[in-house]
Structures are given as C-alpha cells and as structure tokens.
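J.: Chain by chain, the residues run as shown.
Protein chains: 2
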Amino acid sequence: MKKHKAKFFMGAVLLSASLSAIAAEPLMQQAQELFKPLPADMGTQEFPITPEKVALGRALFFDPRPSLDGTVSCSRCHMPALYGTDGLPKAIGVKSRDNPRNSPTVLNAALEFVAHWRGDRKNVEDQAVRALIGPPSFGQPDLAAAMKKIEAIDGYPAMFKKAFPNEQNPINAENWGKAIGAYERTLVTPSPFDAYLKGNARALPTLAAAGLKRFISTGCTACHNGVGVGGGMYQKFGLLEDYWKQTGSTKIDEGRFDVTKDPADKYVFKVASLRNVAMTPPYFHDGSVATLPEAVRIMAQVQLGTTLAAGEIEEIVAFLNSLTGTLPKDFATAPVLPASSFKP
Amino acid sequence: MKKHKAKFFMGAVLLSASLSAIAAEPLMQQAQELFKPLPADMGTQEFPITPEKVALGRALFFDPRPSLDGTVSCSRCHMPALYGTDGLPKAIGVKSRDNPRNSPTVLNAALEFVAHWRGDRKNVEDQAVRALIGPPSFGQPDLAAAMKKIEAIDGYPAMFKKAFPNEQNPINAENWGKAIGAYERTLVTPSPFDAYLKGNARALPTLAAAGLKRFISTGCTACHNGVGVGGGMYQKFGLLEDYWKQTGSTKIDEGRFDVTKDPADKYVFKVASLRNVAMTPPYFHDGSVATLPEAVRIMAQVQLGTTLAAGEIEEIVAFLNSLTGTLPKDFATAPVLPASSFKP
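Those protein sequences? They're chains W and L, same order as listed. Just add 94 to the spot in the first sequence (first one is 1) and you have the working numbering. Just add 94 to the spot in the second sequence (first one is 1) and you have the working numbering.
Read the hints as simulated data drawn from the structure, not as lab findings. Among the clues, some could well be false.
Unchecked claim - Below are the BS3-like pairs computed for lysine-lysine, each with C-alpha atoms no more than 27 angstroms apart in a straight line:
hint: 1; chain 1: W; residue 1: K189; chain 2: L; residue 2: K345
hint: 2; chain 1: W; residue 1: K330; chain 2: W; residue 2: K184
hint: 3; chain 1: L; residue 1: K243; chain 2: L; residue 2: K255
hint: 4; chain 1: W; residue 1: K345; chain 2: W; residue 2: K216
hint: 5; chain 1: L; residue 1: K243; chain 2: W; residue 2: K184
hint: 6; chain 1: L; residue 1: K256; chain 2: L; residue 2: K423
hint: 7; chain 1: W; residue 1: K292; chain 2: W; residue 2: K307
hint: 8; chain 1: W; residue 1: K216; chain 2: W; residue 2: K330
hint: 9; chain 1: L; residue 1: K243; chain 2: W; residue 2: K189
hint: 10; chain 1: L; residue 1: K345; chain 2: L; residue 2: K330
hint: 11; chain 1: L; residue 1: K423; chain 2: L; residue 2: K130
hint: 12; chain 1: W; residue 1: K189; chain 2: L; residue 2: K189
hint: 13; chain 1: L; residue 1: K189; chain 2: L; residue 2: K345
hint: 14; chain 1: W; residue 1: K242; chain 2: L; residue 2: K184
hint: 15; chain 1: W; residue 1: K423; chain 2: L; residue 2: K423
hint: 16; chain 1: L; residue 1: K184; chain 2: L; residue 2: K345
hint: 17; chain 1: W; residue 1: K330; chain 2: W; residue 2: K130
hint: 18; chain 1: W; residue 1: K255; chain 2: W; residue 2: K423
hint: 19; chain 1: W; residue 1: K189; chain 2: L; residue 2: K184
hint: 20; chain 1: L; residue 1: K243; chain 2: W; residue 2: K345
hint: 21; chain 1: L; residue 1: K130; chain 2: L; residue 2: K216
hint: 22; chain 1: W; residue 1: K216; chain 2: W; residue 2: K360
hint: 23; chain 1: W; residue 1: K242; chain 2: W; residue 2: K256
hint: 24; chain 1: L; residue 1: K130; chain 2: L; residue 2: K307
hint: 25; chain 1: W; residue 1: K339; chain 2: W; residue 2: K355
hint: 26; chain 1: L; residue 1: K360; chain 2: L; residue 2: K330
hint: 27; chain 1: W; residue 1: K184; chain 2: L; residue 2: K189
hint: 28; chain 1: L; residue 1: K216; chain 2: L; residue 2: K243
hint: 29; chain 1: W; residue 1: K355; chain 2: W; residue 2: K216
hint: 30; chain 1: L; residue 1: K189; chain 2: W; residue 2: K345
hint: 31; chain 1: W; residue 1: K184; chain 2: L; residue 2: K242
hint: 32; chain 1: W; residue 1: K184; chain 2: W; residue 2: K355
hint: 33; chain 1: L; residue 1: K330; chain 2: L; residue 2: K184
Generate coordinates for the entire structure from the input sequences, incorporating the hints supplied.
T.: Now the structure itself:
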C-alpha cells in the first residue's frame, strides 16, 4: 500500500491548495487543475494500438465461444446497451457462478492505474487474460483450453496473424490480452464535461456547474480527480463510518486486505472512476446501492463526514450526469464474428 | 398435422411443375417462381409496426434485467455478433439451464408460419411472451414477476405509454410480446439473392448461380422455398433414413410428435429458413452438425436420397452464401437502455 498512500497524500496536498483558491479562481480554472479531458485513445508505448489488433480484440470481446460453456464473452458482463456493465449488483458468469464484486464499465477503464476493485489486476490486458481462467468468468481450466477453442474458429488464425505479424504462433493468451486491451484502449467516451474542460463554458448546464462547484467544495475531488474523475488511487471505503451501515451490504468485503494481508488495507478499494456513472448502476464494489443520489449521499457521509441536503445532492448528480459520454461506435455496434463453430 | 400436410403436397405439386420446366426456362425465372425477395418489413394488419413499439421492443430485446437472475435478454441467445444466434448447439439460459434445441436466428423470423422448431409457438410475439416463463429461458415463475421487474426500471413506463397510448395499464405481457414482435418484424436482411430475384442477374456469382440450379434440380426446393427459403411448412427430418445416423445426434428428438402425440408427427420439425444459414452454425434442431457443407450433404442424403459429390455441395454452399444479408443497423447497434436498476 506504499505507493497509493503516497498518491493519496499528494492528492490531499493538491486538494488543500485548490480549496484555498476556490474563492479567488473561476470554476473552470479550478476544474482544469483537478481534472483532464479524455485523450483520443488510451494506447501507450507498452501497449500500442494498431487497427489489426483492435479489429481482432473487438471480435474477441464479443465472442462467447472461448468460454467454458460458450455463453460468456467480455460483452456479457460489459454490455454496450448498459454502458459496458451488466446491471447486476455482482456479475454472474459461466455456469451461473456468482462473482464476488460488481462489474465496472470497460469504457475508459484503461485509464485507471490498476484493474479490478482491489487492484489485483495490473491493467486491462492482465484482466482480460485472467478472466479466461476465472472460475466465475470464462471458467476455463487453463489458458490452453481457451486458446484451443479460439484456434478452432475459422477466421481467427488469420486475424491473429495480421495483428501479430512477426510471431510464429500468435494464438496465445498474452496476445488475447494485448488484442482485447488494444480494443479497450479505444473505448473513450467524450462527455459534456470534457468539452467544458477544453474551454466551452456552455457545455455544462447551470445546475451541473453548481454541482461541479459543490463536488469540489465538499471534498469529493480528494479522490475523484484526474482524467478519470477517479480511478487513480486506492482509498478506504468508510473513512469516517463503516460503509455497510449506510449501504446495507449483506456481506462485509475487506477489500484489498484480502490481497495484501496488510491491516492498513482493510476496506480499501480502488477509487471508482465516475465517468458514465449515471449510466452504470448499481453502485459500489458490491452493487449494494441502486440509485445515484443515494450513492452520492452515502459517499459524502462515510468518506467526508458531510450530510448533504437534497438540493446539494441534486446539484452533484447534475454534474455527474455531465460525465456521461457518447458510446464509441465500435462498441455500440457489434462486429460480425467468424461464423464457424464447434461443439463446446 | 392437417394444415401442413396440405401445404407440403401443394409444395410438391409446384415443385414437379417447376422441375419439368427446368430445361426450358431460364434460371432466374424459375427462381422467381419458387422464391420471393424480402419485404421492407414484416408488419401485418394483426401486428402493425409503429416507431414507438419498435423503439420499446428494441430496448426490451437487449435488456437482461427482466429475467429471473438478470442475465438473460433476448439478445443473449440471439446475439447480433453471431447473426441472431448464440453459436451453441443448444441454448443455455438462466441459471445455466439447458434448452432442448438450437436457437434459430431472429433475423427474418417473423416470416415463418409458426415459431420454434416444433411449431409450438404461434408467432414471434407468442415466442417472446412465453420465453419469459420458459424455465431455461428467462425463467420467471410467472408473467407478473417479469412485468414487475420492467416496471421498476425508470424509463420503461413512459416507453410503454408511448407505444400503447390508448391503454390504461400498458405494462403487461401481451404488450411485451407486441413490442418485441414489432421490433423483430423490422429485422429483414436483404441479400445478394434478393437482388437477383429482383432481376439483377449479376448479383449471383457464377458458382452461386450453379448452386441455385443444383439446389432446384436436387429437390431442396420441395421444402426450402418461398420468401424464407424455408420456414413455411413442417417436414419429417429423415424422410428416407434416420437422421441421427447421419448427424450423430446423441439424443433422438421426436419433434412435433411430443407436441401433438400424432404418430404422423414423429421426427417432424419446422423446415428451417435458409436465410443467413452460412452465418448461423451449428445446424439442425440439435446443433449436431458444425459445418454447412456437412449439413447440405446430410440433408440431400436423408431427405432426398441423393449422395451429392463434393463439387455439388460446394455449388450449393455458394448459393447458400448468397442468402447472407446485411445486418439491420438497429440490430447490429445496441440501444442505450434506461439506466436505473434494482436488486434482482
């Protein structure tokens, strides 16, 4: 937990600096200091985007056939129609097995500093690979079993060859991760708030602008900042009050503690990105809260010790609505998959 | 079985008339007598299409939340990426329950004279309603339970009101069926073969035209005729030879007999429409055959007593490829669903 603690304290320092400036500086300038508009894509030097990788990754993303029983694709828990989520409190995967936590959206997910609620996946590539053998995800006994299924579908061998032209045997789990990762790194959703951050003051309706101000002054930006409006650090859920007393969670999830066994990590989760949050209920790691106003109320209460008035919650929700972006065309539109089949 | 027998004999009469004309008539004229191009949509007087019904039906089609565990939407077994199928031999529904038969595509399905392999659903509307309470489909204990889930999603009450403006309580199962039916009645996939039937001789590549000729002369058109190239009658699967000896089916399905208990209905199924058949493996009511050439070989063998040569199969497959149409834009592209949620 060393690294994220450092980040958190840095965030706190930045926050107090920006808080002291609230009165003096215009709202847009404050926002530009705290947040950043979305990039055109999320490719990196380590994980570069090529059209061939993206085309392959997009097909694989929508294809249920590599899973144990042929019913689970990435898109089953990350549905375009539900903004890259499944609408469930906790995901249900292959053989109807329960997942321990809520499916976060894949939209803009590659911006986050780690993947999964507890940060036990390095990045979207790592997540995609390990989903193949996650018992409640794709459920394959090993990576080779998944690759065998992919190899048996006419069309994929040629697509892998094109995406990874210099490799002798390109159909392997690492390349599955790289291809799906390349696709996911294209899934950015520019929103009215991005237009605002780029200088268009009219992009935020009046209530949303009031909500932005309230979001900053309440202290939400201590954690929900940067390009993802979150997704950049860990934080304890329930800093001032046990979270389950407010959320009504039926199971107490100790969060990152289960990964690190460090007592300081008890109830620590990755701070969720708030991009498209209005479109991705239910909320929190366990999907225990159904509506956005209630989620806002609880966060202010248990993280900041603030009891927000109904009107204040309404303002903040209006701001959060401005984080709803446009679905990428190549996400809203399903690819046509290679048609050949096999007996699962 | 009275009605479909009559249809079959009529079909046979038409067939022998057209067979005798093969030598004399040009291929296109024969085709125009046996088949019909797709209509613009499949609305009827009984089931009219309105934009409001279609918009509602499209949202419902993609929404998993009305199902028992929140994981099954119409689109789970009728995925756009797999041309309205699920790629499985037999569908797997809610709670990972096995369905008894293969999921047929929803594309052009409203053209068929009955729904489901055994004709035990009247039409697409009836199918949609009864899927809600099908234990391996949506799995709801009763229709009211499904309606309760829909009612709880913000956005749907207003959409039902708009789609059924003169009704006091429009959220009911009949309207669920009508809305999804209206949407499905827009799912037509014009293909090169339709262009050919409309008079464009160049729309069929040479091999496909040879395949069309072979398809007619082999006798496939006895059953696979009309606008759906099938989907207009019942027929015994295995007229001349037990089907399971060729398909390797692990379970002998007695077909429509289980519905009517009429011995004449043993092994009788609805003749499948061959539109988009190249995109919708695996084949037959039990998905027992993985590839199209093998399916063509078996059909000629067990239905017509003809052993096709490899080249003849290749011709027919080329013709069948010409039945692959364009995915409707509002099918390939997922709608954005009302975002509010509830605990399933």
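J.: For every hint, state whether the structure bears it out.
T.: Taking the hints in turn, this is what the structure says about them:
1. W:K189 to L:K345: holds, 22 angstroms
2. W:K330 to W:K184: Holds, at about 20 angstroms.
3. L:K243 to L:K255: holds, 16 angstroms
4. W:K345 to W:K216: At roughly 26 angstroms apart (the allowed maximum being 27 angstroms), K216 of chain W and K345 of chain W satisfy the hint.
5. L:K243 to W:K184: Holds: K243 of chain L and K184 of chain W sit about 17 angstroms apart, inside 27 angstroms.
6. L:K256 to L:K423: Measuring from Cα to Cα gives roughly 23 angstroms; hence the hint holds.
7. W:K292 to W:K307: holds, 17 angstroms
8. W:K216 to W:K330: OK: K216 of chain W and K330 of chain W at ~19 angstroms, within 27 angstroms.
9. L:K243 to W:K189: Given that 27 angstroms is the threshold and the Cα spacing comes to 23 angstroms, the pair holds.
10. L:K345 to L:K330: holds, 16 angstroms
11. L:K423 to L:K130: holds, 23 angstroms
12. W:K189 to L:K189: Holds. K189 of chain W to K189 of chain L sits at ~7 angstroms (cutoff 27 angstroms).
13. L:K189 to L:K345: Roughly 22 angstroms separates the two Cα atoms, so the pair holds.
14. W:K242 to L:K184: holds, 21 angstroms
15. W:K423 to L:K423: Holds - the C-alpha atoms of K423 of chain L and K423 of chain W are around 12 angstroms apart, at most 27 angstroms.
16. L:K184 to L:K345: Holds, at roughly 12 angstroms.
17. W:K330 to W:K130: It holds: about 24 angstroms lies between the C-alpha atoms, which stays within 27 angstroms.
18. W:K255 to W:K423: holds, 25 angstroms
19. W:K189 to L:K184: holds, 15 angstroms
20. L:K243 to W:K345: Holds: K243 of chain L and K345 of chain W sit about 24 angstroms apart, inside 27 angstroms.
21. L:K130 to L:K216: Since the Cα atoms of K130 of chain L and K216 of chain L sit roughly 22 angstroms apart, the hinted pair holds (cutoff 27 angstroms).
22. W:K216 to W:K360: holds, 20 angstroms
23. W:K242 to W:K256: holds, 19 angstroms
24. L:K130 to L:K307: holds, 16 angstroms
25. W:K339 to W:K355: holds, 24 angstroms
26. L:K360 to L:K330: OK: K360 of chain L and K330 of chain L at ~7 angstroms, within 27 angstroms.
27. W:K184 to L:K189: Distance ~15 angstroms between K184 of chain W and K189 of chain L Cα, so the pair holds.
28. L:K216 to L:K243: Holds - the C-alpha atoms of K243 of chain L and K216 of chain L are around 25 angstroms apart, at most 27 angstroms.
29. W:K355 to W:K216: holds, 18 angstroms
30. L:K189 to W:K345: It holds: about 22 angstroms lies between the C-alpha atoms, which stays within 27 angstroms.
31. W:K184 to L:K242: holds, 21 angstroms
32. W:K184 to W:K355: holds, 23 angstroms
33. L:K330 to L:K184: holds, 20 angstroms
Going down the numbered hints, you'll see the structure goes against none, and every one checks out.
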